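Make the full structure from the sequences, and use the hints.
Listed here are the chains, written in short residue letters.
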Amino acid sequence: MTESGRRAARYRVGSAVAFESEIGSGADAVTRVYVASLPDGPLLCLEGPAALIWTEAVAVGDSSVAARVADAVGVSLDEVAQDVARFLDDLVDRGLLVDDRGAGSAGGG
Amino acid sequence: MTQPAPVPLSVRVRFAHAVVQLLADAHGLDVLHIKGEAIDPALAAPDRHGTDADVLVRPSHVALLLDGMRSHGWQMHNTFDTGSPFGHAAGMHHELWGYADVHRLFPGVTADPEDAFDLLWRDRASMPIAGVACWVPSLTGQVTILVLNAPRSGWGQSDLRTAWEAADPQRAADVRALVEALGAETAFAAATGDLDRHRGRRDYDLWRVITRGGTRVEEWQARIKAAPDRRAALRVALRAPLVNVDHLAHQLGRQPTRREVARALLDRARRGVREVASMARGRGAAR
Chain Y
1 MTESGRRAAR YRVGSAVAFE SEIGSGADAV TRVYVASLPD GPLLCLEGPA ALIWTEAVAV
61 GDSSVAARVA DAVGVSLDEV AQDVARFLDD LVDRGLLVDD RGAGSAGGG
Chain C
1 MTQPAPVPLS VRVRFAHAVV QLLADAHGLD VLHIKGEAID PALAAPDRHG TDADVLVRPS
61 HVALLLDGMR SHGWQMHNTF DTGSPFGHAA GMHHELWGYA DVHRLFPGVT ADPEDAFDLL
121 WRDRASMPIA GVACWVPSLT GQVTILVLNA PRSGWGQSDL RTAWEAADPQ RAADVRALVE
181 ALGAETAFAA ATGDLDRHRG RRDYDLWRVI TRGGTRVEEW QARIKAAPDR RAALRVALRA
241 PLVNVDHLAH QLGRQPTRRE VARALLDRAR RGVREVASMA RGRGAAR
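Residue numbers (our numbering), protein chains in the order written: chain Y, 1 to 109; chain C, 1 to 287.
Please note: incorrect hints may appear among the correct ones.
[Claimed, not checked] Simulated restraints on C-beta separations:
1. C:HIS72 with Y:VAL30: 23 to 33 Å
2. C:PRO8 with Y:SER76: 28 to 38 Å
3. C:PRO6 with Y:ARG12: 28 to 38 Å
4. Y:GLU47 with C:ALA172: 44 to 54 Å
5. C:ALA125 with Y:ALA59: 16 to 26 Å
6. C:ASP196 with Y:ARG12: 52 to 62 Å
7. C:ASP168 with Y:VAL60: 37 to 47 Å
[Said to hold, decoys possible] Which chain Y residues stay away from chain C? Per the calculated CB distances, all over 12 Å, these:
8. VAL17
9. ARG32
10. ALA70
11. VAL73
12. GLY74
13. SER76
14. GLU79
15. ALA81
16. GLN82
17. ASP99
[As the list claims (entries may be wrong)] One side only, chain C facing chain Y, incomplete, derived with CB under 8 Å:
18. VAL7
19. GLY73
20. LEU96
Treat the hints as calculated values from the structure; they're not laboratory data.
All values derive from a computational prediction rather than experimental measurement.
Quick reminder that beta carbons are idealized off the backbone N, C-alpha and C, glycines included.
See the structure below:
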């Protein structure tokens with residue numbers, strides 16, 4: 001992707017936030033992402049869609065998070081956009097993610 | 001989103017590293033993350049995980065780091081004096097992040113601790129741990145620490161294979177040069193099976209006891225002999241017969257009463273007497 005084609009990053013991890021992924025293995029594997037505010041906590045465990053949204057927000061960081069999540073779970077963007085936006089807002093409110101565009105539509109496509 | 005489920009130990013340890021780095025940054029303190037989760041993947045066995053977060057702190061910054069940790073819920077469970085024969089690390093615990101060992105020096109290094117830290121600090125590298133940029137020693141520094149740690153570690157043989165025996169000639173030469181600069185030749189030799197060439201060194205007996213075993217009295221004598229000066233030797237000598245209250249508290253699962261400390265003191269004194277008698281008999285029999 002060229003510089004001009006890359007969408008501006010919107011989300012980034014908070015400055016005092018640590019996170020670790022644990023990739024599950026085996027038949028009943030659950031992949032989790034642990035996210036913590038430092039230095040005092042809390043320490044949160046994200047599973048399933050929550051872990052997916054976090055991972056996309058951290059990896060991509062732009063406004064396509066909801067579209068990527070929709071694509072990953074095989075549903076339309078309309079079906080998940082609002083929930084993804086709400087969840088991202090929650091992460092921002094907790095200080096785990098920073099939204100460089102400030103308040104507004106979070107995960108819209 | 002859910003509140004904390006049982007968190008894997010390796011994840012907890014990595015968070016502990018991140019917390020210590022954050023506190024160090026906040027207070028302008030120099031910290032190097034060593035061993036366990038801080039080992040470069042190229043040097044560690046794939047299944048190697050730490051059980052606590054080990055950090056080596058600039059000696060003049062140790063008190064400030066410990067104060068900073070205490071102010072964020074960390075409690076000391078082992079003091080420098082009671083943690084090990086080397087007095088090298090204080091054990092800290094946090095109910096969320098688990099255990100961290102705060103090193104003010106590294107066992108086997110006989111150079112001045114501040115100078116030794118500078119040697120490792122000047123070639124440091126950055127490594128993300130739990131998404132936080134943490135300072136770690138250079139690869140040469142990491143190999144050196146793993147080798148020096150090997151005689152006292154359950155991972156020792158594994159570390160020697162992956163970090164030392166696999167080192168290319170240039171890395172091996174760099175490690176030997178760093179070992180010499182750190183004054184860690186005896187510990188290095190203890191790890192690599194060459195200890196007897198260092199019989200004349202003051203820390204030879206201590207590494208012999210560590211690698212080959214010995215009685216409590218032999219360890220005590222070796223610690224006194226290994227002390228860098230008479231004042232340090234006197235401190236060891238005066239502390240050796242005392243009860244390790246931290247260890248006793250761990251055994252009991254609570255703080256011991258004064259009576260229990262007194263009983264342990266007497267028990268330790270009795271064991272010391274028996275060991276001396278046993279050594280005397282051994283010498284007599286050998287004649």
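Here is how each hint holds up against the structure:
1. C:HIS72 with Y:VAL30: 23 to 33 Å: 30 Å, holds
2. C:PRO8 with Y:SER76: 28 to 38 Å: 35 Å, holds
3. C:PRO6 with Y:ARG12: 28 to 38 Å: 29 Å, holds
4. Y:GLU47 with C:ALA172: 44 to 54 Å: Cβ of GLU47 (chain Y) to Cβ of ALA172 (chain C): about 46 Å, so the range 44 to 54 Å holds.
5. C:ALA125 with Y:ALA59: 16 to 26 Å: 24 Å, holds
6. C:ASP196 with Y:ARG12: 52 to 62 Å: 56 Å, holds
7. C:ASP168 with Y:VAL60: 37 to 47 Å: 39 Å, holds
8. VAL17: 7 Å, violated
9. ARG32: At roughly 8 Å from the nearest Cβ of chain C, ARG32 (chain Y) sits no farther out than 12 Å, so the non-interface label is violated.
10. ALA70: At roughly 19 Å from the nearest Cβ of chain C, ALA70 (chain Y) sits farther out than 12 Å, so the non-interface label holds.
11. VAL73: Correct as stated: the minimum Cβ-Cβ distance to chain C is 17 Å, above 12 Å.
12. GLY74: 22 Å, holds
13. SER76: Holds, since 24 Å exceeds 12 Å.
14. GLU79: Given a closest Cβ separation of 20 Å, the condition holds.
15. ALA81: Answer for ALA81 (chain Y): holds, closest chain C Cβ roughly 19 Å.
16. GLN82: The claim stands: GLN82 (chain Y) keeps its Cβ more than 12 Å from every Cβ of chain C (closest is about 17 Å).
17. ASP99: 17 Å, holds
18. VAL7: 6 Å, holds
19. GLY73: 7 Å, holds
20. LEU96: 5 Å, holds
Of the numbered hints stated above, those contradicted by the structure are hints 8 and 9, listed in ascending order.
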